[in-house]
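Protein chains: 4
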Amino acid sequence: MEKDLNICLVGTGWIGKSHILRINSRLKGGKVVAVSDVNSAAGKAAAEAFGCEYVADPKAMIASKAFDAVIVTTADAAHAEYTTAAIRAGKFVFTEKPLAPDRENCRKVIEAEMEGGRMLVQVGFMRRYDPGYRQLKKMLASGQYGAPLLLHCAHRNPDVPDDYTTPMEVENSMIHEIDVLRWLLGEDYATAEVACGRKTRHAGPQLQDPQVMILTTKSGVRIDVEMFAKARYGYDIKCEIVCEEGILNLPEPAFAMVRTNMARVTPIAKDWGERFPEAFDIEFQEWIDATAAGRVDGPNSWDGYMGAIAASCASRARDTGTVVRIDGEPMPEFYRKGAKG
Amino acid sequence: MEKDLNICLVGTGWIGKSHILRINSRLKGGKVVAVSDVNSAAGKAAAEAFGCEYVADPKAMIASKAFDAVIVTTADAAHAEYTTAAIRAGKFVFTEKPLAPDRENCRKVIEAEMEGGRMLVQVGFMRRYDPGYRQLKKMLASGQYGAPLLLHCAHRNPDVPDDYTTPMEVENSMIHEIDVLRWLLGEDYATAEVACGRKTRHAGPQLQDPQVMILTTKSGVRIDVEMFAKARYGYDIKCEIVCEEGILNLPEPAFAMVRTNMARVTPIAKDWGERFPEAFDIEFQEWIDATAAGRVDGPNSWDGYMGAIAASCASRARDTGTVVRIDGEPMPEFYRKGAKG
Amino acid sequence: MEKDLNICLVGTGWIGKSHILRINSRLKGGKVVAVSDVNSAAGKAAAEAFGCEYVADPKAMIASKAFDAVIVTTADAAHAEYTTAAIRAGKFVFTEKPLAPDRENCRKVIEAEMEGGRMLVQVGFMRRYDPGYRQLKKMLASGQYGAPLLLHCAHRNPDVPDDYTTPMEVENSMIHEIDVLRWLLGEDYATAEVACGRKTRHAGPQLQDPQVMILTTKSGVRIDVEMFAKARYGYDIKCEIVCEEGILNLPEPAFAMVRTNMARVTPIAKDWGERFPEAFDIEFQEWIDATAAGRVDGPNSWDGYMGAIAASCASRARDTGTVVRIDGEPMPEFYRKGAKG
Amino acid sequence: MEKDLNICLVGTGWIGKSHILRINSRLKGGKVVAVSDVNSAAGKAAAEAFGCEYVADPKAMIASKAFDAVIVTTADAAHAEYTTAAIRAGKFVFTEKPLAPDRENCRKVIEAEMEGGRMLVQVGFMRRYDPGYRQLKKMLASGQYGAPLLLHCAHRNPDVPDDYTTPMEVENSMIHEIDVLRWLLGEDYATAEVACGRKTRHAGPQLQDPQVMILTTKSGVRIDVEMFAKARYGYDIKCEIVCEEGILNLPEPAFAMVRTNMARVTPIAKDWGERFPEAFDIEFQEWIDATAAGRVDGPNSWDGYMGAIAASCASRARDTGTVVRIDGEPMPEFYRKGAKG
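Chains as they are written, first to last, in this note's numbering: chain A, 1 to 341; chain B, 1 to 341; chain C, 1 to 341; chain D, 1 to 341.
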């Protein structure tokens with residue numbers, strides 16, 4: 001903790017800028033000091049706004065000795081490339097989810113990391129840092145409620161843009177549940193299935209909405225996740241864990257209840273920023289601390305790879321109308337050693 | 001339970017008709033078969049609507065051998081007179097609250113009843129029949145939470161008519177709390193005080209609204225009751241009992257919660273009919289059953305008298321801005337014997 | 001409503017006696033005046049307890065001119081036989097659910113009733129009378145929340161006896177959801193499927209517990225119902241309706257919340273008597289009223305038949321691990337006329 | 001924000017150490033680099049634990065050019081002295097509440113600060129930084145619910161040590177409500193009164209528990225605050241604001257609800273650390289940011305003084321059993337200019 005980490009960031013879109021703001025104004029031990037972006041105007045504007053250096057060539061920036069660690073917040077398709085560049089440079093790297101849009105590119109990152117001989121990559125699965133999910137994890141771990149048997153989850157958005165399509169319900173949205181539930185339960189998935197309810201009249205021809213994804217784990221836990229992208233009423237996340245001796249519920253956010261207009265009214269978040277206000281801060285503070293200590297504590301590239309495999313199986317299940325077996329590979333010794341649980 | 005009770009009712013206003021409907025269409029063991037009203041047109045219309053006999057002279061009706069029991073739902077000022085007539089006729093009588101608007105007339109009913117030598121009168125304090133208050137009573141009686149120390153209550157209406165005035169907050173509205181809390185705690189009051197908060201802009205010159213009534217009991221329990229007659233947002237009743245080992249809360253009614261429009265929304269009742277849907281049915285079924293069995297089980301004329309005394313002390317406290325001692329009399333042997341608690 | 005209905009009842013077990021108590025002590029317009037039971041000792045004891053006549057031959061009792069209407073609360077296997085006897089006698093009959101344990105016997109009742117030319121049978125699906133479900137039905141009917149798309153339901157018992165087996169989760173327990181959801185949505189089912197989660201360690205070899213039943217309706221609404229018979233923690237019923245513009249939730253019962261022992265604690269019912277305290281009273285009052293008026297208003301024998309078909313399809317789905325098409329028949333004109341919705 | 005603030009801290013007790021931990025491990029822009037304590041062993045141990053310098057003489061440390069800002073977390077009686085020393089040194093100082101235990105010493109700080117000609121002092125009233133109270137403040141400010149009329153508050157601890165006495169209910173505990181409600185409502189108090197309910201059997205002879213403090217504001221808002229120090233069941237803070245068009249409630253913390261053991265069970269915090277997990281972080285981050293910017297944004301010494309006056313009036317009210325007028329002074333121009341609201 002002697003000296004702040006000098007962090008460089010590639011990809012200065014909305015999410016990248018929100019992370020710079022967070023790190024540079026609220027968190028301890030690190031500072032984003034340089035940025036790069038394929039859109040140089042955007043990159044320069046961000047650099048100016050935050051008082052950072054602008055570096056035209058992202059790979060040169062990543063390789064430069066001036067910077068201690070890397071954040072990758074580019075378009076999804078470029079995640080793997082820059083993450084691999086950071087690995088090659090021997091630097092800790094935080095890559096927004098997904099690690100790559102497809103399993104093959106995830107696999108390449110894994111291979112590069114194992115070749116390098118050191119765990120360096122953390123993937124931006126921020127749900128693991130939400131205090132509510134952490135309460136659930138602790139309650140499961142206590143054993144007080146027996147084994148988990150069933151999970152009922154929901155992921156609802158008030159709306160999505162017109163270019164949001166049927167496959168994105170699994171691959172961009174429920175990918176969060178795929179990761180966080182695997183972490184909550186501490187085991188890999190066995191099968192995936194996707195069923196479609198009656199379609200809402202608010203969805204256009206490109207989007208089947210809502211969808212229900214059903215996952216089972218190796219030990220037989222059955223999970224259903226409702227994804228409802230045009231739920232209109234709010235951004236709402238539910239997770240109910242049916243255990244042998246009790247049912248655990250993800251807490252609702254702490255919003256003030258008002259008695260007004262013939263009703264008790266408690267606000268629901270409009271978006272994930274309102275729903276998970278603390279998770280990103282905790283995620284990056286822990287990433288900075290672990291990086292300074294030379295460790296990867298959070299979701300690693302193996303987690304990113306497993307998530308990509310499950311998501312691609314779920315997509316295939318939806319497209320084929322079948323139950324698809326998830327052919328997970330055993331975790332390599334390399335990641336088992338590093339995993340802190 | 002061999003034969004239905006033939007009940008006669010005096011006072012065919014809104015509340016009277018709602019009791020006829022209830023008794024004649026849903027409850028066992030009794031039927032309202034005759035009605036009377038000083039407004040003969042109203043009385044005849046009600047008689048026709050319910051297939052009852054109309055009797056022009058209420059006292060003759062009350063005295064007639066054709067009827068087994070009496071219900072008094074006239075204007076408040078006439079309650080004592082008809083109740084006394086029923087006592088004189090040796091009949092069980094259900095009188096809507098208040099027993100009389102003033103303590104002197106309550107006292108006269110008491111005296112008539114004691115002279116008659118038999119408990120006959122039940123007063124319409126319906127809160128005691130609400131399943132929620134009954135849960136609280138049972139929880140207190142269990143001893144599991146220790147002694148009650150403080151009570152925080154609220155009585156809120158969406159609105160009141162223009163002729164509702166400052167004293168009515170105590171005498172017509174909080175009289176319900178005065179009775180039900182005395183019953184809940186099983187002890188008499190020691191002092192009364194009424195404080196006024198900042199006045200809502202929705203109240204006219206004749207009405208101080210809201211008001212806060214503070215009662216203490218003989219054992220020192222301190223009760224505050226907020227009365228807010230023009231609360232706008234709904235009809236809402238709260239009762240929180242602070243005990244030595246826990247805080248008990250009157251349940252909210254079972255209304256369906258909806259997630260809509262960026263909020264979780266649970267309806268609040270619009271009026272007491274929606275708030276206490278079961279209490280009146282239970283009250284009258286128990287009254288019919290007790291009457292058939294020759295007993296008074298519910299709130300009796302002594303309870304009506306004690307309520308009137310506390311209310312008049314609270315009104316005086318408000319008018320004088322002082323704490324007023326409630327000079328309750330010891331319960332006569334006559335009522336102690338009959339009371340089942 | 002001039003004269004009370006004289007009702008005779010066959011089958012004086014626990015549920016039969018609870019209905020006699022209800023009708024004879026709380027409800028208007030009817031009285032159970034005679035009972036019969038294949039176990040004559042039990043039948044005589046019940047007759048004595050309730051001051052009824054005991055009739056040795058149930059069919060003679062059902063046929064007797066002395067009685068106006070019939071209640072059948074025998075073992076399930078005998079329901080169809082006595083119901084048919086009542087139809088033959090031209091009497092209104094209330095038959096506890098199920099109408100018959102199998103679809104063939106339900107079919108026979110239907111045929112007898114159509115032959116008789118008059119709707120006479122009501123089946124004891126009491127959930128339709130629960131005020132909570134009625135709120136949901138009204139909210140759906142209002143159109144305010146758009147079309148229903150998905151339903152998430154749960155039916156949990158604290159425990160079940162040792163002779164409760166795998167098929168009973170559908171046929172004895174979730175049969176309630178099968179009926180009430182079909183009524184809520186106002187349409188028939190298209191397919192059934194049953195998935196099994198990881199099994200609780202509290203279930204013996206004869207019982208797969210929990211199970212998840214998935215039903216779809218003709219219009220494509222997807223329903224999942226979790227049945228957890230040995231949930232330990234309480235008797236708990238959930239129904240969440242995901243609509244296009246809001247999510248509706250079956251209300252929790254109105255139990256007093258206590259703050260104690262480092263928690264806010266709200267009781268959960270121990271059994272269906274505590275969970276649905278009012279539904280049976282409303283069900284029988286409405287049955288008596290409709291019978292007196294010469295109508296069947298409640299769930300009729302066609303509803304009983306449709307329920308039996310869906311349940312048998314769901315059982316087959318579980319046994320075969322497949323999705324089973326529910327081959328519902330079109331409702332005959334006879335029932336369509338009579339149905340009030 | 002170029003360079004971290006070098007902060008020195010006097011008073012390395014529990015609260016002091018928790019602030020060092022917070023600032024040095026999670027917050028941006030400042031670092032506690034030196035500590036002092038009258039108990040030199042304790043001070044040296046803290047210095048070692050956090051890698052700080054230990055300075056024997058607190059006044060010398062406060063005066064030293066090596067440090068940019070000061071935190072005072074000594075015993076209450078020494079707050080004013082060190083705060084004044086910081087003012088004399090022209091340094092921004094964060095002083096834990098209370099500014100001083102008595103109004104005279106608060107007054108002296110005020111005078112020193114005004115003499116110095118610059119606002120430098122922030123008092124540690126952390127409730128203002130709780131996201132829940134901030135929601136309430138925003139809702140009041142929106143005007144959507146009309147004017148506030150009544151407030152019902154509660155402050156409950158599971159237990160207190162044996163040396164916690166009757167006056168401490170106002171002066172150490174409800175002082176939090178005194179400050180936060182004055183800030184919420186944006187106006188000064190007019191009167192104070194303290195009533196005592198029946199005493200819990202868990203309180204010894206030195207402690208009247210619970211107590212109810214009643215405050216009125218200049219505009220007539222009536223506030224009741226229940227203080228229950230030995231409430232046993234948890235650390236629980238309630239704030240209900242009765243407005244002309246709605247009732248606002250301080251949110252409950254976001255804890256996971258469990259259905260278990262015949263109840264829905266939601267944890268209640270054990271202590272204020274669990275109840276207000278974010279407020280301290282936000283308080284110190286904002287203090288560091290404002291200090292770096294040369295401003296005082298938070299509760300200032302005038303707020304500390306006003307709180308001390310109200311608390312001493314409330315104590316007198318309890319001791320005398322009367323309603324005590326709160327003789328607030330008009331805010332000097334000096335503080336009005338600096339106040340941002």
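You may find that some hints are simply not true.
Since the list can't tell identical chains apart, any single copy or any two copies may satisfy a pair.
Only pairs whose alpha carbons sit at most 30 Å apart, straight line, appear in this in silico DSS-like list of lysine-lysine [said to hold, decoys possible]: (1) K91 x K3; (2) K137 x K199; (3) K270 x K218; (4) K17 x K3; (5) K138 x K17; (6) K138 x K270; (7) K138 x K199; (8) K337 x K270; (9) K230 x K138; (10) K337 x K17; (11) K199 x K270; (12) K108 x K65; (13) K138 x K238; (14) K238 x K108; (15) K91 x K270; (16) K17 x K199; (17) K218 x K230.
Just so you know, the hints here were simulated from the structure itself, not pulled from any lab data. All figures in this text were calculated on a predicted structure; none of them were measured in a lab.
Alpha-carbon proximity between K108 and K65, which holds within one copy, between copies, both or neither at 30 Å: within (25 Å within a copy, 55 Å between copies)
Intra/inter-copy verdict for K230 and K138 if alpha-carbon distance must be at most 30 Å: between (32 Å within a copy, 24 Å between copies)
Alpha-carbon proximity between K138 and K199, which holds within one copy, between copies, both or neither at 30 Å: between (37 Å within a copy, 22 Å between copies)
Intra/inter-copy verdict for K238 and K108 if alpha-carbon distance must be at most 30 Å: neither (34 Å within a copy, 46 Å between copies)
Alpha-carbon proximity between K137 and K199, which holds within one copy, between copies, both or neither at 30 Å: For K137 and K199, the Cα distance is within 30 Å only across copies (21 Å; inside one copy 34 Å).
Alpha-carbon proximity context of K17 and K3, limit 30 Å: The answer is both: 23 Å in one copy and 22 Å across copies each meet 30 Å.
Alpha-carbon proximity between K17 and K199, which holds within one copy, between copies, both or neither at 30 Å: neither (36 Å within a copy, 47 Å between copies)
Homo-oligomer pair classification [K17, K138; C-alpha up to 30 Å]: For K138 and K17, the Cα distance is within 30 Å only across copies (27 Å; inside one copy 32 Å).
Same-copy or cross-copy closeness of K270 to K218 [CA-CA at most 30 Å]: Answer is neither: 35 Å inside a copy and 34 Å across each miss the 30 Å cutoff.
30 Å Cα threshold - placement of K230 relative to K218: The answer is between: 23 Å across copies meets 30 Å, while 32 Å in one copy does not.
30 Å Cα threshold - placement of K270 relative to K337: neither (40 Å within a copy, 37 Å between copies)
Copy assignment of K138 with K238, given that the CA separation must stay at most 30 Å: both (17 Å within a copy, 26 Å between copies)
The structure fails to meet hints 3, 8, 10, 14, 15 and 16 from the earlier list, while all remaining hints are met.
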